[in-house]
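Visitor: Using the sequences provided together with the hints, build the complete structure.
Below are the chains, spelled out letter by letter.
2 protein chains.
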Amino acid sequence: MISIRPATRADDDAIWRVLEPTLRAGETYPQPRDISRADALAYWWKPEHSIFVAVDEDDRVVGTYYIKPNSTGPAAHVANCGYMALPEASGRGVGRALCLHSLEEGRRQGYRAIQFNLVIATNARALHLWQACGFEIVGRLPGAFEHPTQGFVDAFVMYQEL
Amino acid sequence: MISIRPATRADDDAIWRVLEPTLRAGETYPQPRDISRADALAYWWKPEHSIFVAVDEDDRVVGTYYIKPNSTGPAAHVANCGYMALPEASGRGVGRALCLHSLEEGRRQGYRAIQFNLVIATNARALHLWQACGFEIVGRLPGAFEHPTQGFVDAFVMYQEL
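Order-wise, the sequence lines are chains A and B.
For the first sequence, the residue numbers in our numbering are 12 to 173.
For the second sequence, the residue numbers in our numbering are 12 to 173.
It is worth saying that the hints were derived from the structure and are not from the lab.
Hints may contain errors.
Note: identical chains are not told apart, hence a pair may lie in one copy or across any two.
[Claimed, not checked] SDA-like cross-link-like pairs, simulated, lysine to any residue; straight-line CA separation at most 20 Å:
1. Lys57 - Thr83
2. Lys57 - Ala21
3. Lys79 - Gly37
4. Lys79 - Glu157
5. Lys79 - Gly154
6. Lys79 - Pro153
7. Lys57 - Ile148
8. Lys79 - Ser47
9. Lys57 - Ser82
10. Lys79 - Tyr54
11. Lys79 - Trp56
12. Lys79 - Glu116
13. Lys57 - Ile46
14. Lys57 - Pro80
Here the structure is a predicted model, which is why all the values come from computation and not from measurement.
Guide: Have a look at this one:
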């Protein structure tokens, strides 16, 4: 059983345990692979981010996501989210639970849509999951991401109206 | 004859004369229409921006653009640009000159592509001009921009490899 609650800075150790393996792999987020714990937490806890954590039945943090405005002024009604799950919790529906929660949270905060700016084309699992959660591919960016082993790969823009 | 040179803070009055009418119209940039001069100049002069101005044969500033990384880390090789021209200089090729200069400047700075994140669908003139300069529409964002008279309108993602 996965439940989701707002994060606090007391979750920082647990959040870093979630972020670190994904950021070190460097295959899905536009951050340097050697990012420090402090820089990663500052990136996750940007002032405009709302942060949530997913906890399992043992109250262990197994995932986290942020939701924020993707732009400003007359485009601030579109949100952007980022999700990360603990690799060893794979297959337990953490990513799906985070994404579905973010759709509700986005509606609650009054957003009209959620946009993903950079879904890496090699990340087939995420692509399928976001599509299963109602997102559509609305754009393709040629060579927009430098993958650590596959070189310059395409990225998708995905979008869902709320 | 339009020529283009790097801007300095001594150009701020002239840059604001270019920015103000476009920002006040609120039809093309994701900024609040009532933005102050200080906030507009801070937006244009963000630390990561390189700023240029277009000057006419009377040495009058008739346009300006910025170029910056559109993302970070393994996606920092894609640039983003914003362009503005003085409305009364319309038809003199200022936008085209700025855009063509930014393609050269992007190559010079080592970018591999330029991406526009939010080209408003109602801005037919810009759409045609960017296409004439080699950009392609690679995505469409439904209702992503709240136009002051037309309500929620679509926006395009445009892209050009350098």
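Visitor: At most 20 Å between alpha carbons: which applies to Lys79 and Gly154, within, between, both or neither?
Guide: between (26 Å within a copy, 18 Å between copies)
Visitor: Classify it for me, Lys79 with Trp56: is the Cα-Cα distance of at most 20 Å met within a copy, between copies, both or neither?
Guide: within (11 Å within a copy, 23 Å between copies)
Visitor: How would you label the pair Lys79, Gly37 (within, between, both, or neither) given a Cα cut-off of 20 Å?
Guide: Result: close neither inside a copy nor across copies, 22 Å intra and 22 Å inter.
Visitor: Is the C-alpha distance from Lys57 to Pro80 at most 20 Å within one copy, between copies, in both cases, or in neither?
Guide: both (12 Å within a copy, 19 Å between copies)
Visitor: Should Lys79 paired with Tyr54 be assigned to within, between, both, or neither, using CA atoms and 20 Å as the limit?
Guide: Answer is both: 12 Å inside a copy and 19 Å across each meet the 20 Å cutoff.
Visitor: Between the shortest in-copy and the shortest cross-copy C-alpha distance, which are at most 20 Å for Lys57 and Ala21: within, between, both, or neither?
Guide: within (16 Å within a copy, 32 Å between copies)
Visitor: Go through the copies and call it for Lys79 and Glu157: within, between, both or neither, with a Cα cutoff of 20 Å.
Guide: between (25 Å within a copy, 18 Å between copies)
Visitor: With identical chains treated as interchangeable, where does the CA-CA distance between Lys57 and Ile148 reach 20 Å or less: within a copy, between copies, both, or neither?
Guide: neither (26 Å within a copy, 31 Å between copies)
Visitor: Within, between, both or neither: how does the pair Lys79, Ser47 come out at a Cα-Cα threshold of 20 Å?
Guide: Answer is neither; intra-copy 22 Å and inter-copy 24 Å both fail.
Visitor: If the cutoff is 20 Å on CA atoms, where do Lys57 and Ile46 land: within, between, both or neither? Let me know, please.
Guide: within (15 Å within a copy, 23 Å between copies)
Visitor: For Lys57 and Thr83, with the copy left unspecified, which applies at a CA distance of at most 20 Å: within, between, both, or neither?
Guide: For Lys57 and Thr83, the Cα distance is within 20 Å both inside one copy (15 Å) and across copies (15 Å).
Visitor: One pair to classify: Lys79 and Pro153, alpha carbons no more than 20 Å apart. Within, between, both, or neither?
Guide: Close across copies (18 Å), not inside one copy (25 Å); limit 20 Å.
Figure legend: structure checked against the earlier numbered hints; hints not met, in rising order: 3, 7 and 8.
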